[in-house]
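Participant: Each chain is listed here by its residues.
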Amino acid sequence: MYLTKDQEKMLSGEYGWAAAKALELIVRVGGAMGAEELVEVKHAHVSGVSYTNVGDHGLEFLSDFYAKGGRARVYTTINPGCVDYSGLSNIIDNDFAARQMLVDNILQSMGFKPVHTCIPHYHRPPLENEHLAWGESSAVIYANSVFGARTNREGGPVALSASITGYTYKAGLHIESNRVARVKVEVPAISRGVPPGALGLWIGDHIREIPYITGVKNLDVSGVKSLLASMAASGNHALAVLNGITPRNTYRVEIEDKVVVEDKALEEYLGDDISSGDRVLGYVGCPHLHPVELLKVVELLRKYGPPRKGKLMITVPREYAITFQSILYELRVRGVDVAVGTCPIVSRLKEKFDVVLTNSGKALFYMKKIHGVKARIVGVEEVVKCVCRGFKS
Amino acid sequence: MCVGGLRAKLRPVIPGVCKGELLIVDRYISFFGEVDPVTGCLKNTTDLCVGGKVLVFRGSRGSTVAPYILYALRKNSKAPTCMLVKEVEPMLVAGCVLGEIPLYVVLNYHEVVEACRNMCAEVEGDELRVHKCT
Chain E
1 MYLTKDQEKM LSGEYGWAAA KALELIVRVG GAMGAEELVE VKHAHVSGVS YTNVGDHGLE
61 FLSDFYAKGG RARVYTTINP GCVDYSGLSN IIDNDFAARQ MLVDNILQSM GFKPVHTCIP
121 HYHRPPLENE HLAWGESSAV IYANSVFGAR TNREGGPVAL SASITGYTYK AGLHIESNRV
181 ARVKVEVPAI SRGVPPGALG LWIGDHIREI PYITGVKNLD VSGVKSLLAS MAASGNHALA
241 VLNGITPRNT YRVEIEDKVV VEDKALEEYL GDDISSGDRV LGYVGCPHLH PVELLKVVEL
301 LRKYGPPRKG KLMITVPREY AITFQSILYE LRVRGVDVAV GTCPIVSRLK EKFDVVLTNS
361 GKALFYMKKI HGVKARIVGV EEVVKCVCRG FKS
Chain P
1 MCVGGLRAKL RPVIPGVCKG ELLIVDRYIS FFGEVDPVTG CLKNTTDLCV GGKVLVFRGS
61 RGSTVAPYIL YALRKNSKAP TCMLVKEVEP MLVAGCVLGE IPLYVVLNYH EVVEACRNMC
121 AEVEGDELRV HKCT
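Protein chains in written order, with the numbering used here: chain E, 1 to 393; chain P, 1 to 134.
Simulated from the structure, these hints should not be mistaken for laboratory data.
In this text, a Cβ means the ideal position worked out from N, Cα and C, and glycines have one as well.
It cannot be assumed that every hint is accurate.
[Unchecked claim] So the derived list for chain E, only partly shown, Cβ under 8 Å to chain P, looks like this:
1. Leu25
2. Glu136
3. Ser137
4. Glu176
5. Gly235
6. Pro247
7. Lys369
Given these sequences and hints, build the entire structure.
Facilitator: Printed below as a string of structure tokens:
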């Protein structure tokens, strides 16, 4: 791999142990991926922040980099932690607060912005064709597909290394000729109201190439987020070309195959049935709610609330605790459990539920595996309506 | 039947020592959520444990926390000896670098999966030699 003189100095340790180790990781991963050079990144987003996800070994890894001089060289944001930073949620278990604080202190001291969110584009929307090094699978696919930026699915440690060095390897989606959609996916079901999260899970399971998806240009922010995050959970997609949404000069289309996704194919991806007597958790906010979605939830609560037939939880970026303080207050008054800077996928829960009702395919994918609960995907309005008025009303 | 003698072509991604009993899990795996980093077993199973095995699977999917899980598997002495996959993505490569796990792409993946259950294997250069376990 070609390295500039500056990069060679970094690799040889002239900028300290942490920068050398970080660059070594990037060079080794890049070498295995066929990269011939490195590329400067404008924004790193670090995943692997929740203590319950990374554990003590992850904490040691981070601690080592910090103690030996690892500091951010580029703008860097971080993923959610395992605790509710408002301290007001009755559902998220804050038992690991002390360990999470250790992780957070390290990351903040390294110069990372403690946004604790999986939607870093809320803080800094990337530019078209801008090179990024993002972890967090749902954010990666959103950056590539909606903003036309360029990032691979960096594992947490590579995103961390990119922050410390300012570089990542130039391979995969950093190269224009790799951003080619080869499978056309037509989805008439979406216009008939099938939740996009179910479609995303189906695509993740069945399509390996970069898809060119038609029939989704009228989806709102919530629908696009849910579709993309689900694909990145059940599959390994980092880019989907969404007709009418993905910026035109950021991809090529060379269709070799076409798939029409019928309603029936999506049925099994809607999840489990709800039985009477089930303890229901309505959940919206995976990925974290965009402000537009937050306002939509408020509207729905005014229309259907308060939640009497189950609990309703939303999860939002840490910064909303200040920026949208009055809105979060209203939601709490209306009986909503608002968790800040976290989500149930990266945390433990204090309360037991039988079923999670959510708009998110990603939440369905992980909640079943991590918390062993049943899960069902419906639209955002149905989530709120069901926990407020009952499943059959 | 894969009764000794089957040879599969490999593309080394992270070369290294790769020898032992095959564990074939013919699907994509999200290491976060689907593999317990303490036991090394696939969630809700007791017989599908990756520790010390030549893990054969389609590739990784899901969360970008996976490298930390592979790192934890190594620290807990539950990492696979090596991995043989159908396809690689950057996140899996990073996890294998961090967890010091050799990684190879099997060019005739399906042939190996269909014929080589309950067998042992050894990598030599860019070739996989499958044989009965002794």
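Participant: Taking the hints in turn, state whether each one holds.
Facilitator: Results of checking the hints against the structure:
1. Leu25: 6 Å, holds
2. Glu136: Holds, because the Cβ-Cβ distance from Glu136(E) to chain P comes to roughly 6 Å (cut-off 8 Å).
3. Ser137: 5 Å, holds
4. Glu176: Violated, because the Cβ-Cβ distance from Glu176(E) to chain P comes to roughly 17 Å (cut-off 8 Å).
5. Gly235: 5 Å, holds
6. Pro247: For Pro247(E), the interface hint is violated, since the closest Cβ of chain P sits about 23 Å away, which is over 8 Å.
7. Lys369: With a minimum Cβ separation of about 4 Å from chain P (threshold 8 Å), the hint on Lys369(E) holds.
Checked against the numbered hints above, the structure violates hints 4, 6; every other hint is satisfied.
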